[in-house]
Amino acid sequence: MQRGLLSPYRHATSVVHALPAGAKLGVALACILLLVMLPRTAWLAYLGVALGLLAVAIASRVPLRQLLLRLALMEPFVLGVALLALLGPDGTRVFAGMLVKSTLCLGVMVLLTATTRFSDLLAVLWRLRVPALLVTTLALMHRYVFVLLEEMERMRRARRSRTFRADRVAAWRGSAQVAGQLFIRTSERAERVYLAMCARGWKHG
Amino acid sequence: MHIPDGFLDLRTAATAAALAATGVAVALRELRRHLPPRRVPLVGLSAAFIFAAQMLNFPVAAGTSGHLVGGVLVAALLGPAAAVVVMTAVLVLQCLMFADGGVTALGANILNMGIVAPAAGYAIFAATRRLGGGSLRATLLATGFAAWCSIVIAALACAAELAASGTVAWSQALPAMCGVHMLIGFGEAVISMLIIAVVARARPELLTAGAAPHIAQRATLAYGLLATLGLVAFLAPVASSMPDGLERVAERLGFAGRAVADRAAPFQDYSVGVWPADSAMLSLVVAGCIGALAAFAAAWSLARMLAPAAARPARR
Chain Y
1 MQRGLLSPYR
11 HATSVVHALP
21 AGAKLGVALA
31 CILLLVMLPR
41 TAWLAYLGVA
51 LGLLAVAIAS
61 RVPLRQLLLR
71 LALMEPFVLG
81 VALLALLGPD
91 GTRVFAGMLV
101 KSTLCLGVMV
111 LLTATTRFSD
121 LLAVLWRLRV
131 PALLVTTLAL
141 MHRYVFVLLE
151 EMERMRRARR
161 SRTFRADRVA
171 AWRGSAQVAG
181 QLFIRTSERA
191 ERVYLAMCAR
201 GWKHG
Chain W
1 MHIPDGFLDL
11 RTAATAAALA
21 ATGVAVALRE
31 LRRHLPPRRV
41 PLVGLSAAFI
51 FAAQMLNFPV
61 AAGTSGHLVG
71 GVLVAALLGP
81 AAAVVVMTAV
91 LVLQCLMFAD
101 GGVTALGANI
111 LNMGIVAPAA
121 GYAIFAATRR
131 LGGGSLRATL
141 LATGFAAWCS
151 IVIAALACAA
161 ELAASGTVAW
171 SQALPAMCGV
181 HMLIGFGEAV
191 ISMLIIAVVA
201 RARPELLTAG
211 AAPHIAQRAT
221 LAYGLLATLG
231 LVAFLAPVAS
241 SMPDGLERVA
251 ERLGFAGRAV
261 ADRAAPFQDY
271 SVGVWPADSA
281 MLSLVVAGCI
291 GALAAFAAAW
301 SLARMLAPAA
311 ARPARR
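Those protein sequence lines, which keep their order, are chains Y and W.
Mapping the first sequence onto my numbering, position 56 (from 1) lands on 56, and the numbers just tick up by one.
Mapping the second sequence onto my numbering, position 175 (from 1) lands on 175, and the numbers just tick up by one.
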C-alpha cells in the first residue's frame, strides 16, 4: 500500500484548510447526522447535499480527482454491506437509497480528512476531555503506524528476496513470521519510546 | 464487518454507542489502575501494530485473500483491558482517517469489534487455556478457538444491529452474516495461532503479560458480563429495555417466520440437512455448534503441529 493512499491529508492553502478543526469536525458530524436522519427516498435533499459537498471540494482547492479516488477506494465496503439489503423485501429501492446515503456520508469524511490534519483532530478530542490514555494511544498510534508499515515492508522485501517457494502454506507462514517479528520489534520500540518520553518529562495520567 | 453510515437507525446507533462508551470507560479505568506507566507506549504502538498487521495479506484461493482482525491476538498478548483500548483506537483511526466504518456507526463498530470480540474472545481464551493446563500447546489451542468464536460473535452482534435498525430482515441477516463469518473465523484462527507461535518461539516472555493473574479473574468476569449484556440487548428483544424496539423486532420475527415458509431457499446452505427446516433459528444454532466443534478440532490439530510434545515447556 502506498503511503500517499494511506495518509488522507492533502495540503493546500484555502479557506477550508484554514477553518478551525473543531468547527470542521462539528459541521461534518452535523452533516452526517442529518444525512442519516433523512428518509431513504429524499432524492432532492441528497442532490442538494451532493452539490454542497462539490462546492466545498472546489473551495478547498484539493484536486477533485484525488478526492474521488479516495471515495472509490472506500466504496467497496459500503457496497458489501448494502448487498445484504438486496436480500430483504423491497430490496432494490432500499439498496439504492442506502448506497446514495452512505456514499454522501463517505464524501463528507473524505473532505474532512483531506483538509484537516489528524493531529488537529486529536487536539479537538483532547479539548473535549476524552480520557488522556485514549488520546495518548491514538496519538502514538498515528505517529508510529507509518514507521511500522515501513518496517513491515522492509521485512517482507527481505523475505521475498530470500525465498523461492511461493506455495500457500509458505505464504501463510511467511506472513505470520513477519507479523510476529513485527510485534517483537514493536514491543522493543515501545521500551525505547518510553525512555525517550520520560527523558522529555512525560508524566503518566 | 465495518458498518458504514446510513445503515443503522438512530436508536440502535445511540444504544450501541452508549454500550461501547461504557465498555471503553471500564477498560480505561482498569488500565489506569493496573497498567504500569512503562507499558503505556506499548498500548499505543500495539494499536499501530494491529493496524499494520491488518494490511498483511493471507492468500486464500483464486486471487482472494484474507486478513487479520486481531481482537483475540492482542488480548492474548496484552490482556483484555488493553485489547479493548487498542481495538477502539484502531477503529477510531480507521473511521476518522480512512472513512472505513461510519461516524454514526462508530459506537456499533467499537461494540462489535472493539469490545464484544476481544472481551468474549479473551474469556474463551482464558477458560480454554486453563482447561488445557497453560502449556504452549494449550495457549495456541485457546488462541485459535477464541479467535474463531470472537469473529462469529462479532458478526452476530453486527447482524443483530443491522436487523434491529430494520435495514435487513432477521431471517436473512443472521444466517448470511454468521455463515460467511464462520468461514472467515477459520482464517482468523490460523493467522492468530501462527503469530502467537512465532512470538512464543522468539520471545516467550512477551506472552506472559496477557495472562497476568490479576487480570485473569475479575476482568474476565466483568468483560464476559459486558459482552453478554451487549449481545442480549440486541439479540434477545425480550430482554431489551425498549418496548418500541421489542414491538418492532417481534413484528419482524413474525414476518421472519412467514418468510421462511414462503421461500426456504436462502436457508438451504446453512440449515443442517437432517433437521426439519421449520425452525431456522434452531438449525442456525445447530450449525453454529457444529462450526464451533470443527473450529476447536482444527485449532487442536494445528496446535499439535505447531507445538510438538517434545518442545512443550513444563506447566507454569
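Source of the hints: derived by calculation from the structure; they are not laboratory data.
Small disclaimer: the values here were computed from a predicted structure and weren't measured.
Backbone N, C-alpha and C define an ideal beta-carbon position, used for all residues, glycine too.
Among the hints, erroneous ones may be present.
To be verified - Label-pair ranges, simulated between beta-carbon atoms:
1) R11/W with A50/Y: 25 to 35 Å
2) R192/Y with L10/W: 38 to 48 Å
3) R93/Y with P308/W: 56 to 66 Å
4) W300/W with E153/Y: 48 to 58 Å
5) T163/Y with P308/W: 44 to 54 Å
6) M55/W with A12/Y: 24 to 34 Å
7) R29/W with L73/Y: 36 to 46 Å
8) A12/Y with A14/W: 33 to 43 Å
Hints and how they fare:
1. Taken as a hint, the range 25 to 35 Å holds for the pair R11/W and A50/Y, whose Cβ atoms sit roughly 27 Å apart.
2. For the hinted restraint 38 to 48 Å between R192/Y and L10/W, the CB-CB distance of approximately 45 Å keeps it satisfied.
3. Restraint check, R93/Y to P308/W: a C-beta distance of roughly 58 Å satisfies the suggested window 56 to 66 Å.
4. Checking the proposed 48 to 58 Å range against W300/W and E153/Y shows it is violated: the Cβ atoms sit about 35 Å from each other.
5. Taking 44 to 54 Å as the suggested C-beta distance range, the pair T163/Y and P308/W does not conform, at roughly 23 Å.
6. Here the CB-CB span from M55/W to A12/Y is close to 28 Å, well matched to the stated 24 to 34 Å.
7. The hinted range of 36 to 46 Å is satisfied by R29/W and L73/Y, whose Cβ atoms lie roughly 37 Å apart.
8. At roughly 36 Å, the beta carbons of A12/Y and A14/W sit within the given window of 33 to 43 Å.
Of the hints listed earlier, those the structure fails to meet are numbers 4 and 5, in rising order.
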